[in-house]
Amino acid sequence: AQKITQTQPGMFVQEKEAVTLDCTYDTSDPSYGLFWYKQPSSGEMIFLIYQGSYDQQNATEGRYSLNFQKARKSANLVISASQLGDSAMYFCAMQVRRGKLIFGQGTELSVKP
Amino acid sequence: AAGVIQSPRHLIKEKRETATLKCYPIPRHDTVYWYQQGPGQDPQFLISFYEKMQSDKGSIPDRFSAQQFSDYHSELNMSSLELGDSALYFCASSRDSSGANYGYTFGSGTRLTVV
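Listed in order, the protein sequences are those of chains A and B. With the working numbering applied, the first sequence corresponds to residues 51 to 163, in that order. With the working numbering applied, the second sequence corresponds to residues 2 to 116, in that order.
FYI, nobody ran anything at the bench for these hints, they're computed from the structure. Source: prediction; values computed, not measured. A virtual CB, placed ideally from N, CA and C, is assigned to each residue, including glycine. Warning: the hint list may mix true and false statements.
As the list claims (entries may be wrong) - To give an idea of the interface, some chain A residues facing chain B are shown, with a C-beta separation under 10 Å as derived from the structure:
1. A51
2. F85
3. Y87
4. S92
5. G93
6. M95
7. F97
8. I99
9. F118
10. A143
11. Q145
12. I152
13. G156
As the list claims (entries may be wrong) - Here are a few chain A residues that sit away from chain B, every Cβ distance over 12 Å (derived from the structure):
14. K66
15. E67
16. T77
17. S78
18. G83
19. T110
20. Y114
21. K120
22. S124
23. M139
24. E158
25. V161
26. K162
27. P163
In isolation and in its complexed conformation, chain A is listed as follows:
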């Protein structure tokens, strides 16, 4: 079965510090993609970063980086230099071949001033 697990329902981080949001996945398909999305209270789903299963290097997008450990089936999101505007719900999602995204339960991040 294909599954995404986010074990941190809520996280706190001090402004300007780094934070890691955990994500593990399960699939037997060798070809898959992993996404992270940010969902602020307004509700829109904002794409942050993508990692393909065959990508050799960890993905980075500005302050976001993805710590991809294929053998451990983990795809943790690292946010550096947290900002107050980073407070939101964060979803990890997996896509296998042509198709739908399977989402984790989400992690609510709160950035403290």
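Dock chain B against chain A, hints included.
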């Protein structure tokens, strides 16, 4: 850059009424997906279309139907609405290439409230 357009942004309906949600994908995107996100939950896949044909189906109630038109826009039709249908409905689009999906982009969502 053009994004995925969903309309309406907000919709209030009474029980047993019908609702139609519209989605306009990014130009040249050939795949459209619909998701339902209940309060405090993660998005759940409903249905998808590739080149105007249904390509996958998730936990979509029989009361719901969807289609993709010749101009690639898609509509989600919901009948006999129930209180439990109150949710945020997302549409996403992507471009299929060599079995991988690129540019997977979500619209801003339609917030449906059933009263």
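Against the structure, the hints come out as follows:
Here the hint on A51 of chain A is broken, as its CB sits about 14 Å from the closest CB of chain B, past 10 Å. Residue-level restraint check for F85 of chain A holds (minimum Cβ-Cβ distance to chain B is 7 Å; threshold 10 Å). Satisfaction of the interface hint for Y87 of chain A is found here, the shortest Cβ-Cβ separation to chain B being roughly 8 Å, below the 10 Å cut-off. Nearest Cβ of chain B to the Cβ of S92 of chain A: about 8 Å, under the 10 Å cut. The hint holds.
Against a cut-off of 10 Å between C-beta atoms, the interface hint on G93 of chain A holds, since the closest Cβ of chain B lies about 5 Å away. Taking 10 Å as the C-beta contact cut-off toward chain B, the hint placing M95 of chain A at the interface holds, the least distance being around 4 Å. Interface restraint check: F97 of chain A against chain B, minimum CB-CB distance 7 Å, threshold 10 Å, status holds. With a cut of 10 Å, the hint placing I99 of chain A at the interface with chain B is violated, because the nearest CB-to-CB distance is about 12 Å.
Hint on F118 of chain A is violated. Least Cβ distance to chain B is approximately 16 Å, over the 10 Å limit. Taking 10 Å as the C-beta contact cut-off toward chain B, the hint placing A143 of chain A at the interface holds, the least distance being around 8 Å. The criterion of a C-beta within 10 Å of any C-beta in chain B is met by Q145 of chain A, whose closest approach is roughly 6 Å, and the hint holds. With a least beta-carbon distance of about 7 Å to chain B, the hint placing I152 of chain A at the interface is held under the 10 Å criterion.
Because the closest C-beta pair between G156 of chain A and chain B is about 6 Å apart, less than 10 Å, the hint holds. No beta-carbon of chain B is positioned within 12 Å of the beta-carbon of K66 of chain A; the least distance is around 29 Å. Residue-level check passed: E67 of chain A sits 26 Å from the nearest beta carbon of chain B, beyond 12 Å. Residue placement check: T77 of chain A keeps its beta carbon more than 12 Å from all beta carbons of chain B (closest about 15 Å).
With a cut of 12 Å on Cβ distances, S78 of chain A stays outside the contact zone with chain B, its closest approach being about 17 Å. Not every C-beta of chain B lies more than 12 Å from that of G83 of chain A, the closest at about 7 Å, which undercuts listing it as non-interface. Taking the minimum C-beta to C-beta distance to chain B, about 18 Å, the non-interface status of T110 of chain A holds against the 12 Å cut. Chain B leaves Y114 of chain A outside its interface by the beta-carbon criterion, the shortest separation being 16 Å against a cut-off of 12 Å.
Non-interface status of K120 of chain A relative to chain B is upheld: no Cβ of that chain comes within 12 Å, the nearest being about 17 Å off. Annotated as non-interface, S124 of chain A keeps its C-beta farther than 12 Å from every C-beta of chain B; the closest such distance is 18 Å. With a cut of 12 Å on Cβ distances, M139 of chain A falls inside the contact zone with chain B, its closest approach being about 9 Å. The claim that E158 of chain A lies off the interface is violated: its Cβ sits roughly 10 Å from the closest Cβ of chain B, which falls inside the 12 Å cut-off.
Its beta-carbon lying about 20 Å from the closest one in chain B, V161 of chain A satisfies the requirement of being farther than 12 Å from that chain. Every CB of chain B lies more than 12 Å from the CB of K162 of chain A, the least distance being 22 Å, so the non-interface label holds. The claim that P163 of chain A is not at the interface with chain B holds, since no C-beta of that chain comes within 12 Å of its own (minimum 26 Å).
Hint compliance for this structure: hints 1, 8, 9, 18, 23, 24 are not met, and every other hint is.
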